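Protein chains in written order, with numbering that gives the first Met the number 0: chain A, 0 to 463; chain B, 0 to 463.
Note that these hints are calculated values from the structure, not bench results.
These figures come from a predicted structure and were not determined experimentally.
Cβ coordinates follow ideal geometry from the N, Cα and C atoms, glycine included.
A portion of the hints provided could be inaccurate.
One-sided and incomplete, this derived list gives chain B residues near chain A with beta-carbon spacing under 10 Å [claimed, not checked]:
1. 90
2. 97
3. 295
4. 314
5. 373
As a list, the in silico DSBU-like pairs of lysine-lysine whose alpha-carbon atoms are at most 35 Å apart [what the hints assert, rightly or not]:
6. A:295 - B:27
7. B:33 - A:295
8. B:224 - B:389
9. A:140 - A:33
10. B:72 - B:224
11. A:293 - B:295
2 protein chains.
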Amino acid sequence: MGFLARGIFVILTLVAALLFQQYRNLTKPVSAPKIELQEYWGTGDADNYTEQTSVEPFELNYDEEVINTLKSKLADFPNLPQPLEGAAFQYGFNADRLREIIDYWRSDYLERWSKRQSYLNQYPQFKTQIQGLDIHFLHVKPKGVRNPKRILPLLMLHGWPGSVREFYEMIPKLTTRSDEKEYVFEVIVPSLPGYGFSEAAAKQGLSPAKIAVIMRNLMARLGFKKYYVHGGDWGSIVGNLMATFFQNEVLGVHLTMCVNSAPIATVKTLIGSLAPSLAVGDEYVSYYYPLTEKFKLIMTETGYMHIQATKPDTIGATLTGNPIGLAAYILEKFSTWTNPAFRELADGGLDQYFTLDMLLDNIMIYYLTDSITTSQRLYSEAFNIRELTKEYDRIPTRVPAACPKFRHELFQQSDWVLQDHYRNILHSKHYENGGHFVAMQFPEILYTDIVQFVNRLYRREDQY
Amino acid sequence: MGFLARGIFVILTLVAALLFQQYRNLTKPVSAPKIELQEYWGTGDADNYTEQTSVEPFELNYDEEVINTLKSKLADFPNLPQPLEGAAFQYGFNADRLREIIDYWRSDYLERWSKRQSYLNQYPQFKTQIQGLDIHFLHVKPKGVRNPKRILPLLMLHGWPGSVREFYEMIPKLTTRSDEKEYVFEVIVPSLPGYGFSEAAAKQGLSPAKIAVIMRNLMARLGFKKYYVHGGDWGSIVGNLMATFFQNEVLGVHLTMCVNSAPIATVKTLIGSLAPSLAVGDEYVSYYYPLTEKFKLIMTETGYMHIQATKPDTIGATLTGNPIGLAAYILEKFSTWTNPAFRELADGGLDQYFTLDMLLDNIMIYYLTDSITTSQRLYSEAFNIRELTKEYDRIPTRVPAACPKFRHELFQQSDWVLQDHYRNILHSKHYENGGHFVAMQFPEILYTDIVQFVNRLYRREDQY
Chain A
0 MGFLARGIFV ILTLVAALLF QQYRNLTKPV SAPKIELQEY WGTGDADNYT EQTSVEPFEL
60 NYDEEVINTL KSKLADFPNL PQPLEGAAFQ YGFNADRLRE IIDYWRSDYL ERWSKRQSYL
120 NQYPQFKTQI QGLDIHFLHV KPKGVRNPKR ILPLLMLHGW PGSVREFYEM IPKLTTRSDE
180 KEYVFEVIVP SLPGYGFSEA AAKQGLSPAK IAVIMRNLMA RLGFKKYYVH GGDWGSIVGN
240 LMATFFQNEV LGVHLTMCVN SAPIATVKTL IGSLAPSLAV GDEYVSYYYP LTEKFKLIMT
300 ETGYMHIQAT KPDTIGATLT GNPIGLAAYI LEKFSTWTNP AFRELADGGL DQYFTLDMLL
360 DNIMIYYLTD SITTSQRLYS EAFNIRELTK EYDRIPTRVP AACPKFRHEL FQQSDWVLQD
420 HYRNILHSKH YENGGHFVAM QFPEILYTDI VQFVNRLYRR EDQY
Chain B
0 MGFLARGIFV ILTLVAALLF QQYRNLTKPV SAPKIELQEY WGTGDADNYT EQTSVEPFEL
60 NYDEEVINTL KSKLADFPNL PQPLEGAAFQ YGFNADRLRE IIDYWRSDYL ERWSKRQSYL
120 NQYPQFKTQI QGLDIHFLHV KPKGVRNPKR ILPLLMLHGW PGSVREFYEM IPKLTTRSDE
180 KEYVFEVIVP SLPGYGFSEA AAKQGLSPAK IAVIMRNLMA RLGFKKYYVH GGDWGSIVGN
240 LMATFFQNEV LGVHLTMCVN SAPIATVKTL IGSLAPSLAV GDEYVSYYYP LTEKFKLIMT
300 ETGYMHIQAT KPDTIGATLT GNPIGLAAYI LEKFSTWTNP AFRELADGGL DQYFTLDMLL
360 DNIMIYYLTD SITTSQRLYS EAFNIRELTK EYDRIPTRVP AACPKFRHEL FQQSDWVLQD
420 HYRNILHSKH YENGGHFVAM QFPEILYTDI VQFVNRLYRR EDQY
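Working from the sequences, and respecting the hints, build out all of it.
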């Protein structure tokens with residue numbers, strides 16, 4: 000071997016060693032941080048705070064004045080420019096379609112508000128104080144089941160721009176006996192802090208990791224020491240963090256948006272781009288690749304995220320007390336995130352799977368509670384360097400996980416990428432359809448997926 | 000040389016050749032495209048269109064009803080959540096400050112609306128039809144100067160979220176005789192298509208390059224065959240394209256945001272990051288580097304750009320007919336883009352350089368014309384793959400250019416990076432202060448910079 004060749008050999012060896020070390024660093028599990036369980040998020044000084052541990056019943060109860068104000072706001076439709084010739088939803092929410100929906104909201108939906116309000120009040124709701132914040136939740140106990148071993152507590156976590164309303168169609172199925180399951184669920188559906196009827200933090204820093212603690216404390220308040228968790232969107236992120244921090248409490252975690260944000264996941268995603276068969280069976284490659292297409296779609300669909308992560312109070316100020324703007328801003332997501340091809344449809348495909356009533360119920364919750372700003376602040380509490388460098392997904396979780404893959408979920412990772420964090424993925428089905436709001440779009444399918452997952456875990460003998 | 004060494008040598012040679020070829024590709028000038036001068040942007044079929052070439056006078060004339068409606072909208076201040084404890088403008092527009100400004104707008108500014116309207120009407124304004132669109136402009140002729148050789152036409156181009164109002168303070172200085180210049184300017188200040196009083200395109204694709212053609216045609220309509228161009232923000236982009244496409248018409252181009260978006264500029268910016276002294280004198284390095292800091296700032300400040308480039312009609316629907324939201328959305332830019340340190344101030348530093356009247360004049364133009372959506376569509380017409388791959392900045396321009404560097408301009412490139420496109424930068428001063436809206440912030444300084452530039456070009460004998 001000549002001198003040059005020897006030099007090259009040394010260099011290649013060093014590079015290999017460096018790569019190996021990098022790989023070791025990337026894959027080295029991190030141990031869980033110490034979780035502070037009683038951090039205070041309310042107004043003013045924590046020393047002046049005494050937690051009210053009572054659980055108080057709650058109901059929506061908006062009077063005619065509120066609804067009449069809303070009607071008059073909706074009657075004042077802005078002078079929006081015509082959509083560009085030939086454009087449907089490619090430039091954002093189509094103005095013609097918006098006018099139709101606002102008309103329906105004002106002259107049809109709101110005329111039936113007392114019925115809609117009763118609909119929203121159909122499940123028992125409560126509030127209780129956790130770490131300085133009034134937390135709202137539905138709590139639905141199963142009927143006709145006495146044996147506590149057959150009752151499984153299930154915490155269901157919504158996302159943005161959703162609310163507890165996302166789960167209304169699923170709740171009866173979950174809480175009722177049926178042939179496909181030997182158990183029934185007792186369902187707890189909280190509003191995330193700053194969302195809907197849950198109080199918002201007064202202090203900076205209420206990140207998804209901190210919300211995971213609040214949700215855990217809510218379950219503890221209700222007496223649940225072990226429970227299942229389902230989540231979508233932020234609910235997936237928070238659910239994942241609960242399954243990471245509280246591995247002895249969470250019996251199983253079912254997430255429609257399983258995410259591994261650890262560095263190894265990026266490396267594997269790139270490797271998978273060169274050799275997809277490593278990442279996933281051939282028939283499902285198109286769920287994850289080609290990466291350039293996925294990246295383009297994500298770039299096109301994350302403007303809202305960029306502005307919410309950086310200027311939530313600005314975008315919030317444009318939407319608060321502005322029901323028409325709120326409808327455009329939120330419903331755009333229900334269109335494109337259900338299927339990106341809906342951008343080509345003049346009506347945004349909104350009623351292909353949803354009813355306008357369902358969609359408006361959800362918007363009413365944002366409008367009536369003036370909570371859009373505080374809901375958007377969550378992005379800035381999550382996407383900042385202080386938070387992202389914590390790399391929680393490098394902490395492995397052994398909690399049994401289900402990661403269903405719905406075809407049009409905006410951001411999707413294969414189990415091969417997920418498994419460095421989720422060490423125990425038990426159930427992971429690919430679905431040919433389904434978008435981001437699958438609980439409302441396909442409640443039956445999502446319900447079945449949850450039951451199939453829990454069936455693998457449930458043994459009558461050893462619950463609790 | 001052993002076999003391995005020989006192999007390595009071959010590989011290194013190939014890599015060097017590839018890099019050299021890449022460099023050649025990156026720096027190879029591209030020739031100008033054929034410019035279509037009569038593309039039609041109006042409603043319906045171009046065949047049915049006959050251009051009205053007359054130039055009609057125009058004035059703002061909003062009656063009391065419009066102002067009363069605005070007042071009542073401003074009186075309905077939304078129930079915004081309190082800023083997070085300790086937050087000023089870091090989460091976006093501060094709600095307390097917004098309330099103060101809205102109060103001032105309603106109970107002070109609007110009480111004087113007829114005066115403000117007269118103020119806005121102080122310069123002669125016109126409309127004329129270009130390529131299917133009614134284009135609005137100020138046209139201010141100098142007083143007391145007879146010799147046409149001493150009168151230099153100057154096209155002044157505003158940006159987003161600005162308007163013709165940006166130049167009101169500067170116009171008297173430009174159009175009046177003074178010791179420091181042997182000439183005076185005849186100033187033409189158009190509203191960009193879709194901005195303020197200029198009609199918006201009905202068709203897709205009205206990119207900055209296409210706007211450059213409209214602006215050139217406006218100057219031709221007014222009889223100007225050769226002229227100077229000044230611009231900021233989009234006005235810089237459009238001014239640059241005019242200086243690129245119409246090199247025999249533009250006598251000199253003065254831009255507060257000179258940009259070279261060609262690939263070589265990125266390469267040079269990265270090289271400059273390693274060896275800043277290549278890029279710029281030591282005393283100015285901090286205008287451009289460290290790149291990570293600049294990148295972080297740009298990421299933090301471009302959420303609006305991301306959403307406007309992808310969903311302009313959605314964000315537009317939240318802002319149209321919504322003066323309070325419009326004020327928050329637009330004024331945030333006047334705060335942070337004037338100095339990023341203003342995010343730490345509870346009042347956003349808005350009146351450190353501006354009067355609220357100036358700022359509200361500008362917002363009135365957006366509100367009264369319902370033009371926010373169409374102004375935002377420009378981002379989606381500019382930032383799309385079809386447009387970006389045209390790489391117009393690879394066409395060199397020999398038009399004399401001035402690229403002043405104001406300290407807090409959000410996006411800044413050194414002359415070393417700019418010069419592959421701008422081949423004839425004559426005047427390029429660094430200023431220790433000054434932000435994105437420098438025409439309003441420091442009209443005197445900007446005026447002086449323009450005059451210093453034009454003094455280098457002006458020779459009484461050979462104009463025209």
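Next on the checklist: Name the hints, by number, that the structure is in violation of.
Outcome noted: 10
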